[in-house]
Amino acid sequence: MRLLNVEKLEFSPYFVGNDKPFPYVIASHRWLSDEATFRDVRDQQNTDSQGYQKIKAFAEYIQGTMPHIKWMWIDTCCIDKDSAAELSDAINSMFRWYRNAELCIAYLADVESGYPGNFEKSVWFGRGWTLQELLAPRTVLFVTKEWQVIGQKGIPITDERRCSVDMDLGKTITRITGIPEEVLHDYEASHSLTAVDKLDWMEHRETTRPEDMSYALYGILGVTIGANYGEGHGGARQRLMVAIHQQDQITVHKAEEYRKMTDWLSSPDPWSNHESARQQHEPQTGTWLLRDTRYLGWKSGSIRTLWAHGKAGCGKTVLCSTAIEDTRTYCQNAAKNSGHAIFYFSFSDTHKQTHQSLVTSLAVQLCWKEPGQSMLRQAYEKPERSRPSLDELQRILVSSVASYDEVFLHIDALDECPENDGVRESVLTGIEELLDQTPNVRMLVTSRDAPDIRCSMEKLGANPLSIAARTVDADIKKYVSTQLSHGHTLSRLAPATKTLIEDTLPQKFRWVYCQLQQLQTSRSTRPSSIKAALLTLPDTLDETYTRMLNSISETDRPYAVKLLRWIAYAKSPPSLRQLAEANVIDFDTTDSQAVDGVVDIDDRGDYEDSLKILAGLVLPEGIYSRDVHERPEESVTSDNGKLEIRVTEHQRRASPDTEIRLAHFSVQEYLESSRIQSSEANFFHLEPAEGHWFLTQSCIVYLVYYSDCSRKTLASEDLETFPLLDYAARSWYHHASLQRRSSSTRELFLLTSERKKRDWLLVNRYKDFELYSERIGGPLYHASRLGLDLAVQELLRRGSDVNARSECFGNGLCEASENGHEKVVRILLGAGADVNAKRPRGDDTALIAASAMNREKVVRVLIDAGADLDVQGEDVFSECYGTALKVASQFGHEHVVQMLLDAGADVNAGADRGNGLNAIVAAASSAAERGNDVKHVVQMLLDAGADVHAMGPEGNALQAASRNNDEKLVQMLLDAGADVHAMGPEGNALQAASRNNDEKLGNALQAASRRAHDESELVRTLLDAGADVNDVGPWGDKEYMEDLKRVLGEDAKEPVFEGSALQMASFSGCKKAVQMLIDAGADVNALGPFGRGSALQAALRQGHRYRVAIARRPDSGNEILNEQRYEDWSEIADAYDEVAQVLSYAGATSFQSEAAAQAVVDLDEEDRVTTYAGFCSSHLTPLYVWRKS
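Residue 1202, in our numbering, is where the sequence shown stops; the numbers in between run on with no holes.
Source of the hints: derived by calculation from the structure; they are not laboratory data. There is no bait here: all hints are sound.
Cβ pair distances, simulated, as ranges: (1) 400 / 1158: 42 to 48 Å; (2) 303 / 734: 49 to 55 Å; (3) 222 / 34: 24 to 30 Å; (4) 463 / 814: 44 to 50 Å; (5) 911 / 195: 56 to 62 Å; (6) 303 / 63: 49 to 55 Å; (7) 474 / 76: 41 to 47 Å; (8) 206 / 1094: 50 to 56 Å; (9) 34 / 471: 40 to 46 Å; (10) 134 / 76: 27 to 33 Å; (11) 276 / 161: 54 to 60 Å.
Here are the computed lysine-lysine pairs in the DSS-like style, where the Cα-Cα straight-line distance is at most 30 Å: (12) 21 / 83; (13) 836 / 769; (14) 349 / 472; (15) 870 / 584; (16) 69 / 158; (17) 184 / 134; (18) 725 / 575; (19) 312 / 349.
Glycine residues also receive a C-beta, built at the ideal position from the N, C-alpha and C atoms.
With the sequences and hints as input, model every part of the structure.
This is the structure:
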């Protein structure tokens, strides 16, 4: 775009594409017959015309009311309409230009001051182009013929602009136009409206040119297609409708693609926890937090981290949910580009307890914008389709956060993250690192005041907010009052009795809930009975839980303990159906050598039995189904009683798929505490290791029962017939790793029975299991892979071959090493395992596998055992391709790299082969994807004597770093003596830097814009190092080639372009690099070897190829490519147009005749395509080539 200086009425340079111009105000007005043109203002001619005087008036108004703004844009003169290319670009960009303006001033020449009624009659509301001028800007200021303010629409104008306006015209404009007021306030709110809805807004409007009725809708509808004046209203509308159809397909595809990617990540869903918390929220409670000055300071940005802490049961989670709702509303209405993500840690769900879970969930919530989505897609489209590592997810998260102006994070119940095995320490460290890398993040955390959490919060400079009893007293009173009004039994109490309860109960939310549950069971509503009950209420939560447990009947107590073990220690909350199934599993818990067990399906009870037996101790979360036979007094209540109301009034039953968890963290703490052992409820004491042993045995008994069952079909229906089957198959070994019993009899029985093992593996389906007994691996292989040390020891004692190999997967040592089972690795080595044995899959060793997975302790054990440090994995499709040092370097595992170097690993192993086995080339190649850790590794390798000139399949380390636009790494390699002139398969380092890498082709303009600064700085670094700006070398455009062939025809040639850095940069669409090379003296008209042509021809040729592919796009009934490809191609083609403009401004010449342009065009005779075939050197006028069948 081109801006106009409001003081001098002189034009700015032309800003191309997504270049960010100066802050500017944009003008909106009704065109007159003598408007000033681009040439009039540029040459200062016709200055007495009405149009010129109007421009001056706009400029003077801006200077007088907004002196901090120096630039304006007005459509009459800021577009050179003699240039068809510029006009077409403006039509497609205008919505964005209005959107990005500081303010839009709408001058209504037919509305005089003092006649406000004329506002609704203004012809401004009847013109076609003013529709987007109304919708796109975040704020529109309406002024009269005399430049008096009428009012504004959109985000209120602040005093900061020195143009304070109070009158919001939103409702009036909605009445005039029929456009919803929320859309007028912010066009982002229109995402739920259809294209038909938006087309209706243009009805009854008029434009001077008939085509403009469609062209003016481009930005509103989010389509980008060329302008072709002369095609008439019908032609323009037909092309627009086709584009809308294609855009709808793209939108649906992108949503579906994003869903597939996020499903692939298996991210925990924090919003289910949030909805549960909101169900427990009572209206008008928690408002004290929203008024607290510390919370308001956090929301405004003066406080970055807010830590709300309190004792167990004080209502922290519900309070956090209130803050989340408030922040969600704020973000929806904020003028800034605000992001919001949440996470609820949960003691009852292992999927919501780790750092990996936290990062995955936050990334999924924030990475729907660029560049995060493209980074996720890149990981998703890897051939091996392995889920991203924690490091990769962190990079995706950090990049996603950077795309927002501000990001709000809510993290609830941080204290429910377990302390064992360093899990909480990892979470706290990860949070600290995240905030260090993301200065635009504000975080609110809730937890108990645990010492390690307090220490971490102090490091972050968090502002503490104590949830003391006095702050929540009013909330508790409101809660009690609500329950007394709506509870089935309590609502019938006399007013005086209710007052007595209200005065007696307030303490802590959890305690109050439990007491109300107790009162609810009273059969009498007599005031004396209620008073007696109040006098006998327990004083503490411990006493409350003891009373609840002791109220369970003697006959139900064994079942209660069994249910509590399943609910407390299952990996995720079990369903009512699963609990009913678990209750019919029986085995001798006193005989650790027994292998038998019973699953008596005829003894199943009602699936709601667990709710009745454990009333008050568990909480259901799920769907309720109608059951007219349910008695109201048998209904189950939740923490706030709301569930009790729904069940009672509508006579509902919990769905069999309703998940069950312990009602509160304090329940599990009490069950596992020493306090319960000295109480009357000691029968119910739980011990975690014993609980996991119990679940291990239960799962195996169930799997054995399944394998022997005559109803087994070995098909997916079995998962319905046997409700615990999927959980048992996927979880028994998880529980086995957490038990402490000295026997593994049942585990060995499962692993050594071929049929039972095969049935288990079929359900589990890990490692793409195939039903061939000779290929599924022996017992030792699986025991080693799963880390079952007791089973491994027993199998070795029984004579298992320690070096036995599975035909598909390898040996036990490699599997144990890859999965980090240090104890198993030591056992196998002690039994004589070959430390250098290779496995068929990947052809790698235990050391290579452990190094790739960053298993530091295992790497140390293997080195000490004499592992060959320089043996190479030969499978090029495996992540373990190369030496242990190479794979550790590639993935940025610094400590492992240092251990290997210290042990004497050859830092240059594979350098003489040029096949990608070299550590430094591998590290440099992966630096862009892996981040700073790999840069540190490169320096370590250099310090250890790595050959900086070593070649890989795509060149040396310097060329790899240049290709990835990594300026710091390039400088590091140059300082180490890398040869800036060395040639690789894709040219030298400057040529690699001069073209954007494949990421540009994958992400189109978003990535190109994001990387533009880095590219130009990198080119400058290489030029300063002495790179020859006119060196010639090859580079092939391989990205998307297969897809292009499918659209353009199987005979399409793969373009391998040989030429200078400028020609390669042009060939790749790298505008910033092109400008830098031109400034450095590159010859803009130099021809490439073998008749390859000039830089301008390269840009035009490539842009043309993508436009042709788009034009030949199959219809939806014969779709052969996904919609994202076509959207990418359109943006790539636009990028090439921008490069061509830069080259033309610099004096590049191209085709001077239609005959010359014809030589570039390679179209089938049946196609009719409009495309850029060339640019005249004096004017940026496109030559349109038409081919008609």
